[in-house]
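*Asks:* Here the protein sequences come in this chain order: A and B. Heads up: the first sequence begins at 1 in this note's numbering, then just goes up one per residue. Heads up: the second sequence begins at 1 in this note's numbering, then just goes up one per residue.
One should not assume that every hint holds.
[Unchecked claim] Distance condition first, Cα-Cα at most 27 angstroms in a straight line; then the derived DSSO-like pairs of lysine-lysine:
#	chain 1	residue 1	chain 2	residue 2
1	A	135	B	180
2	B	160	B	180
3	B	167	B	240
4	B	180	B	240
5	B	147	B	160
6	A	177	B	180
It should be emphasised that the hints constitute simulated quantities derived from the structure, not laboratory data.
Residues per chain are reported as follows:
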Amino acid sequence: MLEGGFQDQPRQSATAFRAALDAMARPGTIHTVAGAQPPALSIAAGVLLLTLADRTTGLWLAPSLSAARDWITFHTGATFTAPEDAQIAIGAWPDLPLARFPIGRPDYPDRSATLIVEMPALTATGPRLSGPGIKTHANLSLPETEAFRINAAAFPLGLDFFFTAGDRLAALPRTTKVEAA
Amino acid sequence: MNARQKNTTEYNFAYLDEDTKRMIRRALLKAVAIPGYQVPFASREMPMPYGWGTGGVQVTAACLTPDDVLKVIDQGADDTTNAVSIRKFFQRTADVAVTEATQDATIIQTRHRIPEAALTEGQILVFQVPIPEPLRFLEPRETETRKMHELEEYGLMHVKLYEDIAKHGQIATAYAYPVKVEGRYVMDPSPIPKFDNPKLSGNPALMLFGAGREQRIYALPPHTNVVSLDFEDHPFEASKANHNCDICGAGDTYLDEVITDDQGSRMFVCSDTDHCRIRQEA
Chain A
1 MLEGGFQDQP
11 RQSATAFRAA
21 LDAMARPGTI
31 HTVAGAQPPA
41 LSIAAGVLLL
51 TLADRTTGLW
61 LAPSLSAARD
71 WITFHTGATF
81 TAPEDAQIAI
91 GAWPDLPLAR
101 FPIGRPDYPD
111 RSATLIVEMP
121 ALTATGPRLS
131 GPGIKTHANL
141 SLPETEAFRI
151 NAAAFPLGLD
161 FFFTAGDRLA
171 ALPRTTKVEA
181 A
Chain B
1 MNARQKNTTE
11 YNFAYLDEDT
21 KRMIRRALLK
31 AVAIPGYQVP
41 FASREMPMPY
51 GWGTGGVQVT
61 AACLTPDDVL
71 KVIDQGADDT
81 TNAVSIRKFF
91 QRTADVAVTE
101 ATQDATIIQT
111 RHRIPEAALT
121 EGQILVFQVP
131 IPEPLRFLEP
141 RETETRKMHE
151 LEEYGLMHVK
161 LYEDIAKHGQ
171 IATAYAYPVK
181 VEGRYVMDPS
191 PIPKFDNPKL
201 SGNPALMLFG
211 AGREQRIYAL
221 PPHTNVVSLD
231 FEDHPFEASK
241 ANHNCDICGA
251 GDTYLDEVIT
261 DDQGSRMFVC
271 SDTDHCRIRQ
281 EA
């Protein structure tokens with residue numbers, strides 16, 4: 001439980017954040033990260049938690065990942081909450097109660113949850129992405145398209161997603177238009 | 001321990017503490033996800049006065065990695081007080097490599113200009129913003145401007161531009177010219193000359209905006225559609241001084257007018273010192 005955090009937090013979290021920022025700014029691009037060894041979670045999901053979560057962020061953890069609970073508490077201090085209060089949520093796609101996470105308010109659309117979706121694999125194939133951050137189009141192996149179409153339709157409200165598999169991550173902000181390939 | 005060995009100063013990497021950087025980083029991700037929307041953040045006091053780029057410095061500090069190459073410009077110039085101070089600040093607190101060459105930089109912090117040279121994928125441009133709210137001089141109440149953004153109620157901005165035309169025969173706004181981002185949020189591009197506005201749209205670089213005193217962060221992801229507000233019969237025009245640079249001869253760059261003596265003599269020179277230098281050396 002005490003193992004698996006960053007060794008040099010300022011520099012490792014800086015490098016990790018740049019990968020996360022780049023992923024969010026260029027939806028569909030896949031980035032490799034390093035530095036976390038969490039139990040029950042992928043390296044990339046652990047890196048995102050170490051970089052973004054702390055005592056001030058409410059976190060929702062899928063019940064199937066409860067083996068990661070103590071590690072998250074020790075390394076980030078984040079408090080576990082119900083989906084409705086979560087700023088960050090983490091789980092496999094079928095385990096995420098999408099309709100329950102905050103999507104922001106019309107006057108504060110930034111007060112919305114960021115979801116970290118654990119995936120079996122991540123490749124630049126599958127549904128077609130377009131929108132801000134993408135020159136023409138990109139492809140990403142998303143678990144489905146309909147949920148993202150509904151999410152984008154609520155813009156400027158909506159959820160933002162990271163997808164993690166092993167040491168790789170990609171992101172999908174609410175602005176991205178997702179179509180079946 | 002590592003930090004102590006690598007850095008000659010006693011500061012944390014890039015000055016800010018990790019809690020602060022995480023808070024700024026979360027705001028930055030939401031800003032990128034909602035282009036043009038101003039995300040509130042808990043801006044810190046920085047070791048420089050407001051108006052000197054405290055917002056930009058905090059954004060840069062939250063984005064900077066040990067591998068970055070940093071360029072800092074003030075009105076296009078690498079060698080003015082503000083630019084030199086901020087560059088030194090990050091050399092000292094982050095031990096980061098610096099450059100004056102636009103194409104070599106991975107992060108460019110800028111006060112009121114976009115470099116002349118085309119930016120590339122992977123570069124980040126960080127703007128210093130004094131007043132992030134484009135509607136602020138039309139409506140002083142934050143509660144009201146927030147509602148106006150919520151309801152996409154931007155008629156007042158068009159009235160302002162119309163009054164410009166009624167008074168001056170043209171849209172007289174020459175800098176901080178308002179833009180609409182992806183057809184949704186009206187945004188203040190910071191006090192860049194409107195000459196730079198076309199570079200905001202479809203740019204391959206990521207643009208981040210930090211307003212320290214006003215505690216707002218906003219962003220334009222790469223390849224985002226940004227339109228300068230105008231009217232069909234008074235289309236937007238990216239204007240500049242009708243002159244060539246007196247040093248490098250460029251006719252397509254934004255120019256500073258420099259008074260050279262007490263007799264009213266003047267010269268026009270490129271505001272982008274790096275661009276002008278490269279042209280002189282070519």
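*Asks:* State for each hint whether it applies.
*Replies:* Checked hints:
For the suggested pair residue 135 of chain A and residue 180 of chain B, the alpha carbons sit about 19 angstroms apart, so the restraint of at most 27 angstroms is met. Taking the CA atoms of residue 160 of chain B and residue 180 of chain B, the gap is near 15 angstroms; set against the 27 angstroms cutoff, the hint holds. In summary, the hint linking residue 167 of chain B to residue 240 of chain B is supported, as the alpha carbons are separated by about 21 angstroms, within the 27 angstroms threshold. About 22 angstroms separates the Cα atoms of residue 180 of chain B and residue 240 of chain B, which keeps this hinted pair within 27 angstroms; it holds.
Restraint check: the Cα-Cα separation between residue 147 of chain B and residue 160 of chain B comes to about 18 angstroms, which is no more than 27 angstroms; the hinted pair holds. This hinted pair checks out: residue 177 of chain A and residue 180 of chain B have alpha carbons roughly 19 angstroms apart, not beyond 27 angstroms.
Checked against the numbered hints listed earlier, the structure breaks none of them; every hint is satisfied.
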